[in-house]
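These protein sequence lines are chains A and B, in that order. Under the numbering used here, the first residue of the first sequence is numbered 723, with each subsequent residue one higher. Under the numbering used here, the first residue of the second sequence is numbered 723, with each subsequent residue one higher.
One thing to keep in mind: the hints can contain errors.
It does not matter which identical chain is meant; a pair holds if it fits inside one copy or across any two.
Derived pair list, reagent style BS3-like, types lysine-lysine, alpha-carbon separation capped at 27 Å [said to hold, decoys possible]: (1) LYS1021 - LYS1419; (2) LYS1239 - LYS1273; (3) LYS746 - LYS1060; (4) LYS1288 - LYS992; (5) LYS1267 - LYS1303; (6) LYS1055 - LYS896; (7) LYS1287 - LYS1021; (8) LYS875 - LYS1405; (9) LYS1171 - LYS1228; (10) LYS1124 - LYS1299; (11) LYS1299 - LYS1407.
By construction, these hints were calculated from the structure, which means they are not laboratory data. Values in this document were obtained by computation on a predicted structure and should not be read as measured data.
Residues per chain are reported as follows:
Number of protein chains: 2
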Amino acid sequence: MNPIQYFFRPHGVALIGASSNPEKLSYGVLENMSRYGYEGGIYPVNPKGGDILGFNTYADISLTPDPVDLAVIMIPAPLVPATLEACGKRGLKAATIISGGFREVGEEGAELERQCLQIARQYNMRLIGPNCVGTVDLYSGMNTTFIRGLPEKGNIGFISQSGAMCGAVIDLVKETGIGFTHFVSMGNEMDVDETDMIDFLNDDPHVKVIAAYIEAIRNGERFIQVARRVGRQKPIVMLKAGRSEAGEKAVSSHTGSLAGTYTAYQTAFKQAGVIEARSAQELFDIAVALANQPLPAGKRALIVTNAGGPTALASDSIADSGYRLANLHEETKQALRKRLNPAAQVSNPIDMLGSANPEEYAMGIEAGIHDENIDVILPVNVPTSLVNPEDIADSIADAVEKTNKTVLVCLMGSSSIQEARRILHRRHIPIYTSPEQLGPVLAAMDRYKDWLAQPEEPQPVLSGIETKTARAYFNSASSEKFWGESTVRPLLETYGIPLIPGAAAKTPDEAVTTASKLGYPVVMKVISPDILHKSDAGGIRLNLKSMEEIKNGFESIMESCHGYKKDARIEGVLVEKMAAKGTEIIIGMRRDPQFGPLMMFGLGGIYVELFTDIAFRITPLNRSTARQMILETRAGALLTGLRGQTPADVDAVVDILLRLAQISIDFPDISEIEINPLLVYEKGKGALALDARAILKSEESHIS
Amino acid sequence: MNPIQYFFRPHGVALIGASSNPEKLSYGVLENMSRYGYEGGIYPVNPKGGDILGFNTYADISLTPDPVDLAVIMIPAPLVPATLEACGKRGLKAATIISGGFREVGEEGAELERQCLQIARQYNMRLIGPNCVGTVDLYSGMNTTFIRGLPEKGNIGFISQSGAMCGAVIDLVKETGIGFTHFVSMGNEMDVDETDMIDFLNDDPHVKVIAAYIEAIRNGERFIQVARRVGRQKPIVMLKAGRSEAGEKAVSSHTGSLAGTYTAYQTAFKQAGVIEARSAQELFDIAVALANQPLPAGKRALIVTNAGGPTALASDSIADSGYRLANLHEETKQALRKRLNPAAQVSNPIDMLGSANPEEYAMGIEAGIHDENIDVILPVNVPTSLVNPEDIADSIADAVEKTNKTVLVCLMGSSSIQEARRILHRRHIPIYTSPEQLGPVLAAMDRYKDWLAQPEEPQPVLSGIETKTARAYFNSASSEKFWGESTVRPLLETYGIPLIPGAAAKTPDEAVTTASKLGYPVVMKVISPDILHKSDAGGIRLNLKSMEEIKNGFESIMESCHGYKKDARIEGVLVEKMAAKGTEIIIGMRRDPQFGPLMMFGLGGIYVELFTDIAFRITPLNRSTARQMILETRAGALLTGLRGQTPADVDAVVDILLRLAQISIDFPDISEIEINPLLVYEKGKGALALDARAILKSEESHIS
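Construct the complete structure from the given sequences, taking the supplied hints into account.
Structure below.
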């Protein structure tokens, strides 16, 4: 049995610190424990003794009767470790620590957490919290929170890294008829974390959708693995807070500046099939739809309505999500014309005018159910003084009972539609009060469907990688944190990444010799661990066509670079063949602390900064992922032959992306690596890395 | 007196078609008329006679007692013209026609509308409707709608081109404490239109903000003029429905394809200072803030909170709008530390933990009021079982009573915060139930503030425009609908737009002569009214360096073009100097049926399609508008010298934009015109038009 079960279906609960003072939160917890039908024993523990709310109080955990699995701890932080020890001795299986005053207040509190965790390990107990507001299982009636009220039983499990969000969400939904299975406030996650909880909720048969408010994922790799597995069975919808973080400005590569922490989260979500919501409202808008409706078979929608304006807004909203109002079959229209009010419009939308009654709604919806041009049915209604919204709700619910088409309702209003909303939600029909909510929900359903349809693909086999040579080179190469092109080239070479031919030269004469081997024209670039931006330093000369030009170029590079940075260590120049024209792109990697290597692809040259036209994926990559990454950018459109452009060698880019990803996996000490530009040629003619750089791990991961 | 006043404060109202049947809408209208304190006479008109709801009924409008200014007409459409005539004879000043069955049902109904309008003109009556749900003035108590319930009195006037939206909005807001002045359902706008109503609401002293739901503007030029004037006194917030329209696909120029109808609306809104909302919720979120709070002095925000998660979401939301959590003064922090709960965080956000009480909220807010680093104060609260939300609301309202800083509150919840929300709204403090609502509201306040700050600039004087020559040329030039480069060039030339030197040639020999005058290398382009896309037809040869190349090029152009389109009429080639390299941009105009010439600026070459990096303005332009247009694109960043690029001649682009705008104003028969590419050189070195085209007006305005 999954030990997390003890938090939700324990045989007996000790409430440690339960107070008899109704103004204390711990009193509220006891009240909630007693209120929702939990069938196990409830044992308040308080040295003061006496009865609270009719429950016998125990002076100490050791005195509580059997069975007792779970402790809910609500005493000051400094007292928690000793209490936890007593719980362990008493044989408890789990403890929810509601008390604050731990890691969130500083080092002293963090030390208390470490003590608690050690004790828990020793006694094989699992912990939720500290600094949380408890957990709710609506089916077992367990409610260890002090939050007032609860929503109805249903099929959405909610996990939150903010206790306040649990309270706010319960307040938002409790009168809407939206049904839940669990509310879990995770607190500081010293033991059980959000990923454990996702895994646990996956095994609960009541849960159809997992919704989560997340500030940080503890272990990115494990999260992706679990979410990917769970997501195949139950959709996971997440709202990530803390998108904009300070400290992401001072970076030295494009990849570093473009691939922020939040980007890593978004990328992880996308790859793991997690549906990202952009607001608290969207989180539940999407969760309700996924928990209660089938995924749309296609993007052809029908609106059945009594209200022009709201329908216009709904049409705009679904159009933004790629859905469209499809044409109805001629027979469908004829049948409707016979049955509906003669003034009604029987195209799409079916507009039955302000006077539309419940029967007419049923007719319109049935038309959509039977018309094979329609995948999604969207009844839209504005309450009028003529018709009860509840009757409309019943009629809609009856009409869609047996269809497997997707149905989402918009009842635009507030005070008049409260009961109608409850009716629809109880009958598993999602209802929204603004037409603009429909589009984002349909878009999310579609994203999830697309993710489910992705085939699992094995890891690619990359030929010609000389791992040993690479390892040896890596270990012997520069001890600098910043690796310029000349240091990175050999590494790329051993991984089979095609480079523009070239070699280092220490003197003008060496440069001339190299140039004549390569063939004119050539390019020269300064080699210096102290110069990060070679062109800013005047350290690059292009299109050199003769011995003279090389000699002059060499001297002038030295001059410019010393002018730029007086004491720069200059090791010579890199002489490279002048490359033929191609499409400039950039590929790179930033190692994310949570999720590991985050690969980037984008349009190169000045355009990477101008348009930030970039795509990301977390490693490992396979060929389809790499290709998708390319195709989701505008650069991808360019490479595949936009408006008569010759298609470029996308396969070569895929291959280089996979090889750069392999380098990133094989060398965890590389924190950033980037090829910029990579020149891509016509289909079949490959691609060439023209410049590259890397940043090795250090205490401060970014050098400015 | 503005005659629209008669709709809202008439001396006596005749309700024509008022029914004694409580299931009829006209009964509902009488009920509403009698319910909200309207002090004039109320005269139901119904041939059946008798009393309805205690009101004496008149068999005919001619029998109603004096004074009576307004008729509310609720009888079948075919009877309306005769009734309107009777109203005119009776001396009525205005009529609201609620009945449907007019333009919206087809030609027969449109004819009825024309008759009504003629009668109204004859008797000098103003009309609202038909096909509307009536109007409400909350201060006079006039309510000619059948909508159930009303919100509180306040300062937002709402205009709607959808009657259903009036009903939905009233239902959404009536229990929130948000206060309104007017609800106006415009219907088919056969006489009084949305612009008249904006103008009218501007004169009503109760109205602080005008909010509108709009599907179409009747007269774009007048709308911009009125909105611009009104906007200086009262903010106008608009939600535009029908953003995605069919029929905008088949177009022949980039400008045509990129400058859609909705783009014209957005541009008009921006230029006229109208604040565009993206959803019905945002419309009122923004309206409430503008109606009740001062504009933010700056973008430095302070959050005062009891809830971590919602605060994280609020921070993300305001960061997306360019606002930031500013550092508090050290003294502010010290003072707070002394007064607040010791566990509270006294940075920004000021997090007073879950137990935060009303006094602590007041302290936090007062700290923000006195700290000069703060412009905007955002109290965030999640209801807890410890504190009444109403007490928090009162405390917040007391604390901010005297500040002129902007205060927006987030009470995240629903069922628990109903009363607290009413308290705050009544005290003119906008409250939002989701933290994500804050950012868009602040962004809107900021956009409005920026618009207010724009100086009024006179029309630019453009030298060297030979209007007469241009007019003569225009009249004598091609009668084709599509004008290629060779036809457009002389027009651009007379308006002082710099063109790449060139001339037409009918034979290879003429081409050689022209080339030797221009100097090699040259470019040749086919001249044909039947070839729209010269390069697709193989009608362009670049970089021709000799007589031979020209002769061969000429022949091969002829061959390619005839191959491309067998019967194409080919008039020769345009021989032009090969241009020096520059930054390619595109400028163009599409004449919008509502708003007139819509100017476009964007990055040229393949990038215009790849990135749609474009900006729009409606004419007339002045120098600052043209410059802003350039600067709001990424192309603008490129031209002004992104990352060490040499700054380009932006002044030259401004000048050409103004000249192209003048052509568009002077020649209303041009429906699209475009210079693509315009090559822009270094600052001081100007810009050169390399290619141009125009489309003249026709029945179908776009040629595919």
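Structure-based check of each hint:
{"no.": "1", "hint": "LYS1021 - LYS1419", "in the structure": "neither (47 Å within a copy, 37 Å between copies)"}
{"no.": "2", "hint": "LYS1239 - LYS1273", "in the structure": "within (16 Å within a copy, 41 Å between copies)"}
{"no.": "3", "hint": "LYS746 - LYS1060", "in the structure": "between (65 Å within a copy, 24 Å between copies)"}
{"no.": "4", "hint": "LYS1288 - LYS992", "in the structure": "neither (47 Å within a copy, 51 Å between copies)"}
{"no.": "5", "hint": "LYS1267 - LYS1303", "in the structure": "both (17 Å within a copy, 22 Å between copies)"}
{"no.": "6", "hint": "LYS1055 - LYS896", "in the structure": "neither (40 Å within a copy, 38 Å between copies)"}
{"no.": "7", "hint": "LYS1287 - LYS1021", "in the structure": "neither (59 Å within a copy, 38 Å between copies)"}
{"no.": "8", "hint": "LYS875 - LYS1405", "in the structure": "neither (57 Å within a copy, 69 Å between copies)"}
{"no.": "9", "hint": "LYS1171 - LYS1228", "in the structure": "neither (58 Å within a copy, 60 Å between copies)"}
{"no.": "10", "hint": "LYS1124 - LYS1299", "in the structure": "neither (69 Å within a copy, 71 Å between copies)"}
{"no.": "11", "hint": "LYS1299 - LYS1407", "in the structure": "within (17 Å within a copy, 34 Å between copies)"}
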